[in-house]
Amino acid sequence: MTDLSANSAPLGAAQRNHLRRRNRHQLMLQGFGIAAISFAALMLFILVSSLVGTGYKAFTQTHIQVEVFVDPEEVSVEKLPRGGFRDVLQASLQAQLPEVSERADLRRLEGLFSNGAQFRLRDMIVADPSLIGQTVTLRVPMSDPFDQLAKGLVKRDTPEAQRRVTDQEIAWFDRLDQAGMITQPLNWGLLTNADSRFPELAGLKGALVGSFWALLVCFLISFPLGIGAAIYLEEFAPKNRWSDLIEVNINNLAAVPSVVFGLLALAVFIGWFGLPRSAPLVGGMTLALMTMPTIIIATRAALKAVPPSIREAALGVGASKHQVVFGHVLPLAMPGILTGTIIGLAQALGETAPLLLIGMNAFITSAPGSPLDSATALPTQIFIWADSPERGFVSRTSAAILVLLTFLITMNAIAIYLRSKFERKW
Amino acid sequence: MTTAAFLCLFALAIIGYVWNRQAATAIRRDGARLHSLVGFHGAFSLLMVLVPVLVVILLWLVLQGHVIDSILKSGIAARLEGLGTGEVQLIIAEIKSIAGGTIFGTPEDWKLAAADRYLALNVRSGQLMLVVVTALALGLMLFSRRKVAADFRARHGVEHIISGLMIFCSVVAIFVTIGIVASLMFETGKFFAKVPVTEFLFGTNWEPQIPLREDQVAAEGAFGWLPVMLGTLVITVIALVVAVPVGLMSAIYLNEFAPRRFRAVAKPFLEILAGVPTVVYGFFAILVVAPAMRGFGQSIGLDVSPNIALAAGSVMGIMLIPFISSFADDALSAVPQSLRDGALGLGATRAEMMTSVLFPAAIPGIVGGILLAVSRAIGETMIVVMAAGLIAKMTINPLDSVTTVTVQIVTLLIGDTSFDNPKTLAAFALGMMLFLVTLIINVFALRIVRKYREAYD
Chain A
1 MTDLSANSAP LGAAQRNHLR RRNRHQLMLQ GFGIAAISFA ALMLFILVSS
51 LVGTGYKAFT QTHIQVEVFV DPEEVSVEKL PRGGFRDVLQ ASLQAQLPEV
101 SERADLRRLE GLFSNGAQFR LRDMIVADPS LIGQTVTLRV PMSDPFDQLA
151 KGLVKRDTPE AQRRVTDQEI AWFDRLDQAG MITQPLNWGL LTNADSRFPE
201 LAGLKGALVG SFWALLVCFL ISFPLGIGAA IYLEEFAPKN RWSDLIEVNI
251 NNLAAVPSVV FGLLALAVFI GWFGLPRSAP LVGGMTLALM TMPTIIIATR
301 AALKAVPPSI REAALGVGAS KHQVVFGHVL PLAMPGILTG TIIGLAQALG
351 ETAPLLLIGM NAFITSAPGS PLDSATALPT QIFIWADSPE RGFVSRTSAA
401 ILVLLTFLIT MNAIAIYLRS KFERKW
Chain B
427 MTTAAFLCLF ALAIIGYVWN RQAATAIRRD GARLHSLVGF HGAFSLLMVL
477 VPVLVVILLW LVLQGHVIDS ILKSGIAARL EGLGTGEVQL IIAEIKSIAG
527 GTIFGTPEDW KLAAADRYLA LNVRSGQLML VVVTALALGL MLFSRRKVAA
577 DFRARHGVEH IISGLMIFCS VVAIFVTIGI VASLMFETGK FFAKVPVTEF
627 LFGTNWEPQI PLREDQVAAE GAFGWLPVML GTLVITVIAL VVAVPVGLMS
677 AIYLNEFAPR RFRAVAKPFL EILAGVPTVV YGFFAILVVA PAMRGFGQSI
727 GLDVSPNIAL AAGSVMGIML IPFISSFADD ALSAVPQSLR DGALGLGATR
777 AEMMTSVLFP AAIPGIVGGI LLAVSRAIGE TMIVVMAAGL IAKMTINPLD
827 SVTTVTVQIV TLLIGDTSFD NPKTLAAFAL GMMLFLVTLI INVFALRIVR
877 KYREAYD
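Chains as they are written, first to last, in the working numbering: chain A, 1 to 426; chain B, 427 to 883.
These aren't lab readings, by the way, just hints derived from the structure by calculation. Where hints are given, some of them may not hold.
Stated by the list, open to error - Capping the alpha-carbon separation at 20 angstroms, the derived lysine to any residue pairs in SDA-like fashion look like this:
id, chain 1, residue 1, chain 2, residue 2
1, B, K522, A, F273
2, A, K425, A, E312
3, B, K693, A, A35
4, B, K693, A, T410
5, A, K321, B, H461
6, A, K239, B, I600
7, B, K849, A, V268
8, A, K155, A, P389
Take these sequences, add in the hints, and give me the full structure.
In structure tokens form, the structure reads like this:
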């Protein structure tokens, strides 16, 4: 056995220093790499935690529960659906706070209720007029400043002049709170209400339905078109200048800025075809044009992954080229195609700019009933809320983003599951 | 009526399928040898009915609005004489809303009559479409039924139709590009009829306000795109300053040094960053980054604008990190193993192998990726719409507020439908420039990436 170290000359001090320096460089490079990844991770962490930190508060909503005596003098069957519902509500609070009697104070007292409270009461009584003259228990959202106060977003120690609620209003609030009238249940309204000017009433229903229609249209157009184009290019097209042109075209389309697709939709779909503005149909068609290249590229990759032996075997037993592709290659490539499609649709769900240009940022207080009605979509709703000056919309925006991210993560998880479950290694 | 037409079409197509299939089965039962399987005879009828009639319905739906409008206009031509296009559009819109059931005030009798006429025309168009669709579908069904014979090559027919459909699908991509170019050129042409090209390309003033009165001073606004382009460049440069070092370093680490398990965790992690919608990044910029930068700037005595360009740019940089990192990773992985082995065999440390062999060899791919990132940054919309400013200034100060091409496009077009004032058209001119610039960069970058990949494959 030979001792290697004995054969080589011992390292001199200069060489040792040199080696140490080289190793230090290696450590430095690794350090930079770790720092870069940590930076990216830190940013992702700050992004998510700031969204969760501001958004979780919008998942509950401060409600006030009041015993309302439906005064026959204010509300009568003949005048429905009109009536003094505000006065009735106001009286119910005055019963709790008897010392309030000034007109201006009474009006401020009314401000504890959300603006939607009177309509809730009205709808209840219209549905059942026998309630007139009786006392009903009503649980309605509080208006935004008090919602913020209950959640601690309006600080009590800021000077009164800089606060949206006065000291007196805080005192009222605390007394009602001690009486057990104020609760913070889960805010289902966030998902079941449509948009509203009042943060405490605003919800995502319109946006969810609008996004659903837009994605459905997008899928119905881009999926067949994308698969058809991919099959043709991958399996049938002769290699010539035309197929090269189409290929370059598709690669470039995938990199065209999304706002340009919005311009195209505005000029062609709305300007020339005369389709309605703000409609999920137009939104879906625009998104389809953007999703198509993604689906084409994913489908081609999936088709390419099917080994030639499958094709040769099918051809060998006498299948036609079409039968080979549609009977054997396409079914084997389907998991890959579906994965690519879902990822493409997830991108389309988050796309905002083209939808802004075709007017899907309109203020609409009801959910669309068909793809031709005006609507918003989830990302445009986020944009509208982010632009709103009311403080209550900050946490609603974060909450809406969390809802959007939940959808995206779910879609991507499905895609990953499909890939791992059905992917075949040949 | 449209739904009825579709239902009728689908019903006839299915009937055609069953009918042809049965006819073919009958022939086979009689002892003849069919060229194609019975299913192909059915499918032949299905496609023969479905495809042409579907095209007819879609064309009908696209064109019917225009035809009805022009009939409507010719009916009330005497009333519309001498009015501008805007007023005519208003009257037509009013008539349509009356027809739709929303009446404001008491409209003139002729408008009510026109609304009735409009409704009647719509109904007649629907009926006519139903008749045409049914007749055409029946005709095609009979045609394909008569084709059924023992030696009829139904499979070839079906395959031809399907090939045609697939070719159509692939050509759609070209149509889209042509559509983009044509619509942008058309509207840009109208814009340059109102604003000289030289003013747009070389002007240093961007103030696209619409005039409230005809005779207002500076009624046309100013349409020099240089400050807008400069703002775009400022934000792009900031984004790259953040994204390129971080992206490259993480790619180098993941590609060469990271333990396999760490790599398996870190790569999907970076992909999450890439999957976050840009509107979320925009909100992140105004919620967290901009206030933090402003607070920091003020605490050290700097004058910081609320819509600080640095915030929009750096958030865009975060968005681009995974983009650059995955391109660089691909480029590094594409370098052949022999180069790595050679460098290590000569006694290089892994860091030396990376910096003096792998990285230089991967440079073209990395540059291609960075170019694509540049085009993404220029075309990125939501982050800058939410976090950057609206006013165009000739400045390269990253602490100031700047505006970008995409911000201007969006703000000029939100809530505006008329296609004849320079403000709206300016958005299309900017869109044209945006499309051209990104197209050139993309073509160039894709060519570099592809050529380089082929060189090592």
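Here is what the structure says about each hint:
1. K522(B) <-> F273(A): holds (17 angstroms)
2. K425(A) <-> E312(A): At roughly 18 angstroms apart (the allowed maximum being 20 angstroms), E312(A) and K425(A) satisfy the hint.
3. K693(B) <-> A35(A): holds (15 angstroms)
4. K693(B) <-> T410(A): Since the Cα atoms of K693(B) and T410(A) sit roughly 19 angstroms apart, the hinted pair holds (cutoff 20 angstroms).
5. K321(A) <-> H461(B): holds (17 angstroms)
6. K239(A) <-> I600(B): holds (17 angstroms)
7. K849(B) <-> V268(A): holds (19 angstroms)
8. K155(A) <-> P389(A): OK: K155(A) and P389(A) at ~19 angstroms, within 20 angstroms.
Consistency note: the structure conflicts with none of the earlier hints.
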